[in-house]
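Engineer: Chain B is fixed; fit chain U onto it per the hints.
Taken in sequence, the protein lines are chains B and U. Convert by adding 862 to the 1-based position in the first sequence; the result is the number in the numbering used here. Convert by adding 862 to the 1-based position in the second sequence; the result is the number in the numbering used here.
Any given hint could be a false lead.
The list cannot tell twin chains apart, which means a pair is met if one copy fits it or any two copies do.
To be verified - DSS-like cross-link-like pairs, simulated, lysine-lysine; straight-line CA separation at most 30 Å:
hint	residue 1	residue 2
1	Lys1136	Lys865
2	Lys1104	Lys1077
3	Lys923	Lys1136
4	Lys1082	Lys923
5	Lys865	Lys1104
6	Lys865	Lys1077
7	Lys884	Lys1082
8	Lys884	Lys1104
9	Lys1077	Lys943
10	Lys943	Lys1104
11	Lys943	Lys1136
12	Lys1082	Lys1136
13	Lys943	Lys865
14	Lys884	Lys923
15	Lys884	Lys1136
16	Lys923	Lys1104
17	Lys884	Lys943
What the hints contain is simulated information worked out from the structure, not anything from laboratory work.
There are 2 protein chains.
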Amino acid sequence: MNKPRHTLHDHQSHLGWDNSRKPVLTVAPGDSVEFHPRDASGGQLTRTSTVADIARLDFAKVNPVNGPVFIDGAAPDDAVKVTLLSFAPSGWGWTANIPGFGLLADQFPDPALHLWTYAPDLAAPALFGPGGRVPLKPFCGTIGLAPAEPGLHSIVPPRRVGGNMDIRDLGTGTVLYLPVEVAGGLFSVGDTHAAQGDGEVCGTAIESPITLAAKFELVKGANLPFPRFTTPGPVSRHLDTKGYEVTTGIGPDLMAGARAAVSGMIDLLSRRYKMRAVDAYMLCSVCANLRISEIVDRPNWVVSLYFPRSVFE
Amino acid sequence: MNKPRHTLHDHQSHLGWDNSRKPVLTVAPGDSVEFHPRDASGGQLTRTSTVADIARLDFAKVNPVNGPVFIDGAAPDDAVKVTLLSFAPSGWGWTANIPGFGLLADQFPDPALHLWTYAPDLAAPALFGPGGRVPLKPFCGTIGLAPAEPGLHSIVPPRRVGGNMDIRDLGTGTVLYLPVEVAGGLFSVGDTHAAQGDGEVCGTAIESPITLAAKFELVKGANLPFPRFTTPGPVSRHLDTKGYEVTTGIGPDLMAGARAAVSGMIDLLSRRYKMRAVDAYMLCSVCANLRISEIVDRPNWVVSLYFPRSVFE
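If we strip away everything but chain B, and leave its shape as in the complex, we get (with noise of 0.2 Å):
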């Protein structure tokens, strides 16, 4: 891989999307640009935090994105293909369960952070009380374009130009193409994760401040109805090599599926493991993936959410 020819520092960021912002850097295709994008929280959370911290988030500074990066010639209807060439990541994170969001806000109502201190090299799976250990795959959980629709719109809501995806398998080698809705595209990245499993259900993965490079191209009209992605591998052999304790949701709403799965993980994690049901939430969100098994036996559908074995066995 050739050096990135760019460089973009924490200090070169936006909160939220908005498609006036100046951008911080103009790319051509070809490029490739080095991010150093700062933790979800902002930098609001340390090595040395507590609980009473997560109390005090200020929410108006989540989620800092570094960018807008215009991409020489990119025009509504073309999409950004994004290279992820590298992530060098920090060897510290944090996960919270933060009142008020998170699939299960309403059982979940008091606040709780798990600090994590992991090899930045990956060699070993983070450590998680007694006993757990967590597979690590950083990734980007918010990767996006500016929307068309003109002034400020919060950053917390993917949409169809990307953003905050929270797609677990956004890491090394996969290929992302975006939707351009604006000229430039206006490029923006962060949100780094170490680690996540599908659905992110207690909203907050393995937040880790995480170096990352990607290359940019162009795809001239390609009119995407929403991003893809392509991956370069296999994407759960990190954390697949013992098989899943799997739980179900079964009924005609798939948000009350999910639920219903996630509910009765947390239940057998706890009773099994002496956890208190928040760190079951909170370790779930890191490693365990929903599935659709399901979604046309009418009326009913099946969400399962997939744990690893991996992690206590």
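Structural biologist: Structure of chain U alone, referenced to chain B:
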């Protein structure tokens, strides 16, 4: 593995769930049984069927299941623990788009049928048109107990007691726990599949007659809210070698997101491999996996469809 002590043949079957139905077999905990279910069409489709037979399908005869099996000592609030011991595939199967059925039924109103011939020892992937190679992993689509609610209930929707769950990982070595609602549990199984992706998006899998063996045990007072299971090892290594093509659907409704992700993949496959859209749809149903990438970044969720690149590369 010990030889199963009991055998149920294809005529020892029933249509729909009804807890007043007389058991065809009573077993003690620890016993195992060999099952010979018919395929999901109940024998209406054969190796020589054509698409015209799809229009003539009698829905009153679909999804016959072997059973019921009365498990001695099973009582409400217990769980029946089913260990899936072995699957012996027949070597042929079918996948259909059945009008009115499937995630995109509105977009695919016409019947379609694909007949499969495959190596019963699963030594090679099953072929689909020019170039498609679908890895196989047999399992039972329908496996469950009789519901407490009196009367006859359609076999199509799965319920708290299991049934037509179509979970692709209910294959060899998996241990499934089913909540008991009536004395004896009244277990039945059928709807065997040679392969399926998470979601079963077109409504059918590789529907294939497959003999299976299962062992029954009891967990007294398990008090499960929904079925759960444990897999003996990785669940995707038969198809993940080359990674995935992934399409997404982003928005406030998981069902709409799933539909968008599947539509995006059908467009990609049909354009790239010059397939009919309905063939791409059926192909996704047998090997692509629907995952919920994030379900917390209110108000927009991300549903992703993972198509294994090994099918074409």
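Engineer: For each hint, tell me whether it holds in the structure or not.
Structural biologist: Status of the hints after comparison with the structure:
1. Lys1136 / Lys865: neither (48 Å within a copy, 39 Å between copies)
2. Lys1104 / Lys1077: between (35 Å within a copy, 22 Å between copies)
3. Lys923 / Lys1136: Result: close neither inside a copy nor across copies, 35 Å intra and 48 Å inter.
4. Lys1082 / Lys923: neither (35 Å within a copy, 51 Å between copies)
5. Lys865 / Lys1104: between (38 Å within a copy, 27 Å between copies)
6. Lys865 / Lys1077: Answer is within; shortest intra-copy Cα gap is 11 Å, inter-copy 58 Å.
7. Lys884 / Lys1082: within (23 Å within a copy, 65 Å between copies)
8. Lys884 / Lys1104: Neither: 49 Å inside a chain and 40 Å across chains, both beyond 30 Å.
9. Lys1077 / Lys943: Answer is within: at 8 Å inside a copy they meet the 30 Å cutoff, but 51 Å across does not.
10. Lys943 / Lys1104: between (35 Å within a copy, 20 Å between copies)
11. Lys943 / Lys1136: For Lys943 and Lys1136, the Cα distance is within 30 Å only across copies (23 Å; inside one copy 46 Å).
12. Lys1082 / Lys1136: For Lys1082 and Lys1136, only the inter-copy Cα distance (21 Å) is at most 30 Å; the intra-copy one is 55 Å.
13. Lys943 / Lys865: within (19 Å within a copy, 56 Å between copies)
14. Lys884 / Lys923: within (19 Å within a copy, 64 Å between copies)
15. Lys884 / Lys1136: Classified as neither: same-chain Cα gap 52 Å, cross-chain 42 Å, threshold 30 Å.
16. Lys923 / Lys1104: For Lys923 and Lys1104, neither the intra-copy (40 Å) nor the inter-copy (39 Å) Cα distance is at most 30 Å.
17. Lys884 / Lys943: within (21 Å within a copy, 61 Å between copies)
Of the numbered hints listed earlier, those contradicted by the structure are 1, 3, 4, 8, 15, 16.
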